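S.K.: Residue numbers (the numbering used here), protein chains in the order written: chain A, 1 to 211; chain B, 1 to 186.
Simulated from the structure, these hints should not be mistaken for lab results.
All values derive from a computational prediction rather than experimental measurement.
Check each hint, because a few of them may be wrong.
Unchecked claim - For each label pair, taking beta carbons as the anchor points, the in silico distance ranges come out as:
1. G68(A) to T135(B): 55 to 65 Å
2. N44(A) to F129(B): 32 to 42 Å
3. L92(A) to N119(B): 50 to 60 Å
4. V145(B) to S42(A): 54 to 64 Å
5. S69(A) to I38(B): 37 to 47 Å
6. F164(A) to F129(B): 21 to 31 Å
7. N44(A) to G114(B): 50 to 60 Å
8. T78(B) to L102(A): 40 to 50 Å
9. S146(B) to S86(A): 52 to 62 Å
We put the beta carbon where it would ideally sit given N, CA and C, even for glycine.
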Amino acid sequence: MGIIKRNVLFAAVLLLLFHRPVLANTILSTTGTFAVDDAEQSFNFTLASAATVTMRTWSFGGGTNANGSVITTGGFAPVLSLFNASGSQPLLAFDTGGTAPLACGPRNIDPVTGFCLDAYLNDFLSAGSYILVLTQFDNTPNGPNLSDGFFEQGNGNFTGGPFFLNAGTGFQRTGDWAVDITTAPEPSTAALLIPILTLFVIAHAVRTRRV
Amino acid sequence: MTKGLVLAAVLFGLPVAVSAATGIVVGDTYISPINPTINFGNATALNIGGGASALIQVDLSSLPTGLLASNIRRATLTVFVNKVFIAGGLDFSQVTTPWSEGTVTFNTQPTIRGTPFINNVAVNTSATFLTVDITDLVQQWVTGVSPNFGVEITAAVAAPGTVVNLDSKESTSTSHSAFADITIQF
Numbered sequence: 001m002g003i004i005k006r007n008v009l010f011a012a013v014l015l016l017l018f019h020r021p022v023l024a025n026t027i028l029s030t031t032g033t034f035a036v037d038d039a040e041q042s043f044n045f046t047l048a049s050a051a052t053v054t055m056r057t058w059s060f061g062g063g064t065n066a067n068g069s070v071i072t073t074g075g076f077a078p079v080l081s082l083f084n085a086s087g088s089q090p091l092l093a094f095d096t097g098g099t100a101p102l103a104c105g106p107r108n109i110d111p112v113t114g115f116c117l118d119a120y121l122n123d124f125l126s127a128g129s130y131i132l133v134l135t136q137f138d139n140t141p142n143g144p145n146l147s148d149g150f151f152e153q154g155n156g157n158f159t160g161g162p163f164f165l166n167a168g169t170g171f172q173r174t175g176d177w178a179v180d181i182t183t184a185p186e187p188s189t190a191a192l193l194i195p196i197l198t199l200f201v202i203a204h205a206v207r208t209r210r211v
Numbered sequence: 001m002t003k004g005l006v007l008a009a010v011l012f013g014l015p016v017a018v019s020a021a022t023g024i025v026v027g028d029t030y031i032s033p034i035n036p037t038i039n040f041g042n043a044t045a046l047n048i049g050g051g052a053s054a055l056i057q058v059d060l061s062s063l064p065t066g067l068l069a070s071n072i073r074r075a076t077l078t079v080f081v082n083k084v085f086i087a088g089g090l091d092f093s094q095v096t097t098p099w100s101e102g103t104v105t106f107n108t109q110p111t112i113r114g115t116p117f118i119n120n121v122a123v124n125t126s127a128t129f130l131t132v133d134i135t136d137l138v139q140q141w142v143t144g145v146s147p148n149f150g151v152e153i154t155a156a157v158a159a160p161g162t163v164v165n166l167d168s169k170e171s172t173s174t175s176h177s178a179f180a181d182i183t184i185q186f
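Build the full structure now, drawing on both the sequences and the hints.
M.R.: This is the structure we're talking about:
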């Protein structure tokens with residue numbers, strides 16, 4: 001066996017030994033169905049340490065959620081609002097979806113409407129407890145704190161559908177929703193070892209050639 | 001400054017300072033070919049795109065009487081783009097026949113002047129104000145060259161796939177009603 005072949009095999013064996021798949025850490029991945037337009041669904045979660053957290057829906061444009069389940073398109077236009085769970089429960093961020101066709105970000109475009117209205121939040125959060133609230137567009141936060149409520153609170157059929165999306169020609173949607181909360185994956189063992197292994201392989205090759 | 005003083009200044013050519021006035025919206029709605037007999041005068045959003053278009057009329061009665069076209073130094077119309085579903089552009093056209101916010105539908109829609117007076121104004125970002133120049137239009141309205149029946153806003157001919165929602169004056173929680181800003185000079 002040639003020197004180069006031997007070195008490549010050596011590196012491949014090391015990579016296989018140390019490789020771990022890169023996966024996001026799932027805090028929550030769940031689905032459900034709203035019965036009325038002004039429904040709210042809260043998700044409480046706690047971070048033991050600071051992390052970049054992705055909070056997103058899949059039910060408008062469809063996709064595969066963190067559980068690996070295929071989520072079909074057709075759900076209502078969602079809004080995700082993130083509040084700090086402590087103190088006055090201040091609003092930290094909210095999202096009402098992207099703008100097609102060029103500002104969708106990671107959201108999928110719904111083939112029926114042409115819109116990319118899944119909600120997507122990606123924030124670096126410090127350790128602590130948080131409340132993520134799912135509502136339907138345009139049932140957005142009324143003020144800076146959770147206690148301020150939401151714009152369409154108490155208006156159970158504010159779309160006239162329910163779940164009618166008043167945009168363009170108008171579209172009848174469903175009450176289905178799918179929400180993921182995940183933290184960014186730590187770099188895999190393999191990813192950390194690749195530079196070291198590369199150097200090792202080079203050094204090994206040089207040494208073998210000298211011998 | 002009272003209307004009388006302004007009128008005197010206009011008539012006698014007296015130098016008068018520049019002043020500003022705001023034209024508030026007295027009627028806004030949208031019309032939709034999907035629901036051609038439904039009136040959306042109470043809607044909190046003005047739906048534009050997919051054939052739907054918005055109608056907006058501003059009240060200019062607060063302006064001094066006797067104004068000449070040259071007294072309208074500049075006039076703008078500002079709308080609040082609540083949500084951009086599909087980015088693109090908007091056309092603004094002059095409405096040439098009367099309509100009523102509480103009754104107008106797609107089937108009873110007013111006529112508009114042949115071509116838009118402003119074409120393909122880019123609209124890409126949600127939750128932003130959009131301001132267009134309507135100086136020529138206000139000059140026509142205040143001098144009686146054309147009656148003030150407002151403007152129609154449609155997806156631009158150059159960007160027909162555009163879909164946006166504007167805030168209407170009924171969207172009271174946001175206070176983002178459209179308005180006209182008029183600068184008068186004597």
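S.K.: For every hint, state whether the structure bears it out.
M.R.: Hints and how they fare:
1. G68(A) to T135(B): 55 to 65 Å: holds, 59 Å
2. N44(A) to F129(B): 32 to 42 Å: holds, 36 Å
3. L92(A) to N119(B): 50 to 60 Å: violated, 40 Å
4. V145(B) to S42(A): 54 to 64 Å: This hint holds: roughly 58 Å between Cβ atoms.
5. S69(A) to I38(B): 37 to 47 Å: holds, 39 Å
6. F164(A) to F129(B): 21 to 31 Å: Holds - the Cβ-Cβ distance for F164(A) and F129(B), about 27 Å, lies within 21 to 31 Å.
7. N44(A) to G114(B): 50 to 60 Å: holds, 58 Å
8. T78(B) to L102(A): 40 to 50 Å: Distance hint for T78(B), L102(A) is violated at roughly 25 Å.
9. S146(B) to S86(A): 52 to 62 Å: holds, 59 Å
Checked against the numbered hints given earlier, the structure breaks hints 3, 8 and satisfies all the rest.
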